[in-house]
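The lines below spell out each chain.
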Amino acid sequence: MNSIKNQEPTSETIRLEARFQNYVDGENKVEPKDWMPGAYRKTLIRQISQHAHSEVVGMLPEANWIGRAPSLRRKVALLAKVQDEAGHGLYLYSAAETLGVDRRELLEELLAGKAKYSSIFNYPTPSWADMGAIGWLVDGAAIANQVMLCRTSYGPYARAMVKICKEESFHQRQGYEIMLYLSKGTPAQKAMAQDALNRWWWPSLMMFGPNDAESPNSAQSMRWKIKRKSNDELRQEFIDKTVPQAEFLGLSIPDPELRWNEARGHYDFGPINWEEFKQVVAGNGPCNRERLEARRKADEEGRWVREAANAYAQKQAQRRAQTSEVA
Amino acid sequence: MEFSPDLRTQHLLHLADNALILGQRLSEWCGHGPVLEQDIAIINTALDQIGQARMLYQHAGKGMNPALDEDQLAFFRTENQFLNFTMLELPNGDWAQTLVRQFFFDTYNYLQYERLTESSDPALRAIAGKALKEIGYHAQFSAEWVIRMGDGTEESHKRAQDAVDRLWPYTGEFFESDGFSAEAAVRRAAPLPSDLQPHWEEKVDAVLVEAGLKKPVLQWFQTGGRKGQHTEHMGYILAELQFLPRLHPEAQW
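Read top to bottom, the protein sequences are chains A and B.
Every letter in the first sequence is one number past the one before it in our numbering, and letter 98, counting from 1, is 361.
Every letter in the second sequence is one number past the one before it in our numbering, and letter 46, counting from 1, is 29.
Worth flagging that the hints you see were computed from the coordinates, not collected in a lab.
For clarity, every value in this text was computed on a predicted model and none was experimentally measured.
A couple of the hints might just be wrong.
Only part of the chain B face toward chain A is listed, based on derived beta-carbon distances under 7 Å [claimed, not checked]:
hint	residue
1	Ser10
2	Cys13
3	Gly14
4	Pro17
5	Val18
6	Ile23
7	Glu53
8	Ala57
9	Arg60
10	Met132
11	Asp134
12	Thr136
13	Glu223
If you want the footprint, here are the derived chain B segments under chain A, 3+ residues with CB under 8 Å [stated by the list, open to error]:
hint	stretch
14	25 to 33
15	138 to 150
Every residue gets a Cβ at the ideal spot worked out from N, C-alpha and C, and that includes glycine.
Isolated chain A (complex conformation) (with noise of 0.2 Å):
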C-alpha cells in the first residue's frame, strides 16, 4: 500500500476510480469485496484503528475510577461502561480487519507508539466528578462525530458505528446525571463539578481536530463520503448543544468570550490553544507515557496467557485428530 503514491494511475485506474466516486455519490455503502481506491482503504484502516485504540485506551483514564466509585450503584454503571468501551474497540478492530489487516498488527502499531489515539485520554482523571465530564463532554463530542459515522461510506464501519452510538448516548447521559448530582449537591460536590468541567472543556473542543484550513485530509474524506461534516460544523454543534446543558447544572464554561450571536444563530467562543493540542497529539501531554506504559504492560503480561491458551487449543486440536485416525 506504500506504493500508492509513486504508481502511474492506469486508464483503468482512472476508470474504476471514478465508477468508485460515482457510486459513493449515489450513496450506496462500500463493502469489504467491492474494489475501492488504494487511499480510501489506507483512510479507513488508519481511522478505524485509531478509533479502536481511542476505546481501549480511553478505558484507563475511568476504570481509574471504579474502585472508588461513591455508591454501588455508580461502580456497576462505571464498570459497565467501561466494559462496552472494550467491546466498541473490538467491533473496530473487527471492522479494520475486513480491510484486510491483522488486528495484532494494529496493536503492535500503537504499542510502538507509532499509531494514534484520541489524544483526549491523555489527560488525567484526578477527581470523581471527571467520570461525570468525561461521559458528558467527552463522549457528547464522540456522539456528535459517531453520528455522522453512522452514514459513513464504508458499509462494516457504518454498521458498527450504528451499535455503538446507541450505546454511547446511553453514557453520556449518565455522565449528565453524574453532573447533575454534584452540581445540585454539597458546596463540596459542587466545587467538584465545576473544577471538572474547567479542565475538560477545552480537550473536549480539541476532540474535533484543527480548523477545518488546518485539515487537508477533510476534503478527500468528504468527497469520500467517510466524513460528511467538517471538524467546524461539527464542532459548533456540539457547542451549541453542550451550553444550554452547563446552563441548566448552574455551571460556567470556562470561555469569557462565549456568547450567543444571534445573527449567526450559534454560540460564538473564544481560540482554541492549538498548541496544546500539537503538544498532547505529539506525546507530551500529562499522561502519555502512563497510558501506553498500560497497555504495554497488559499486553506483556498477557503473553504467556495467550500463549497457554493456543498452546493448549493446538494440543486439543491434535488429540482429536489423533483419536478420529484410531476411530
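Given chain A's structure and the hints, the job is docking chain B onto it.
Below, chain B without anything else, positioned relative to chain A:
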C-alpha cells in the same frame, strides 16, 4: 457505626461481602486484561458479583433495625464488620492466581447457591435463583482456564501450580460451619458448609487432574474471615472502596 447484627443478618452480610470484595478485586483487571476478550469476560464476572452483593445488602438491610441501605452497608462498616472469606481479599496476582482463586470459590459458590435456591428465606431464594445462572458461567469459565493453564505451556503450568499451592490454605474457610452458618442451616435458610465439602473436593480433584496439576497435601488452613478477622490486604481494599463517601458522608451521588 454502631453495629451488632443478629446471626441471620450476619449470614446475609457474609454472602454479600464475599460478592462485593471479590467484585472489587476483579474490577481491578478492567483495562488491564491479557487480551480484550478476556478483559470483557472478567469484567462480566465482576459485574455479576457486585450485582449480587447489591441484592444481598438490600435484603439484609431491610431486615435490620433501623433499616440500612446497600451503600451504608458497603461504605460505612469497618474492617472487622466485614465477614467475607479472606481468600477473596488477596491481591489478584497474575492471571493464574486470579483464575485459580475464582475456580476454588466459584466451585464452592455454585454448590452453595444451588442449595440457596431451596432456602426457607423467600427473598434469598429469589436472589439465588438469579445468581445461580451467573455463577454457573463463572464456574465454567474459571475451570476451563485452570485446565488451559495447567495443560498449556511449561510457564503457564508452573504459574497455575504456584497459584494452587498459594491459595489452597485459604479454601478451608469455605467449610467452617459454626456461628451464623450453623444457625442458617438450622433455619434451613442455607446448607451447612461442611456438607458441601465432599462435592467440592470431587469437582476440584477432577479439574486438577484434567489440568495435570497437583492437589496440595497441606491440611492446615487459614481462618478468620467469617469472624471479621482479615489479612493485611483488607484495610487497603476498604480504604479505596470507602474513602469518597466517608469524606462526604452527607452527600448523595
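Against the structure, the hints:
no. : hint       : result
1   : Ser10      : 5 Å, holds
2   : Cys13      : 5 Å, holds
3   : Gly14      : 4 Å, holds
4   : Pro17      : 3 Å, holds
5   : Val18      : 6 Å, holds
6   : Ile23      : 5 Å, holds
7   : Glu53      : 5 Å, holds
8   : Ala57      : 6 Å, holds
9   : Arg60      : 13 Å, violated
10  : Met132     : 5 Å, holds
11  : Asp134     : 6 Å, holds
12  : Thr136     : 5 Å, holds
13  : Glu223     : 5 Å, holds
14  : 25 to 33   : holds (count 5)
15  : 138 to 150 : holds (count 3)
Going through the hint list in order, the structure does not satisfy hint 9, though it satisfies all others.
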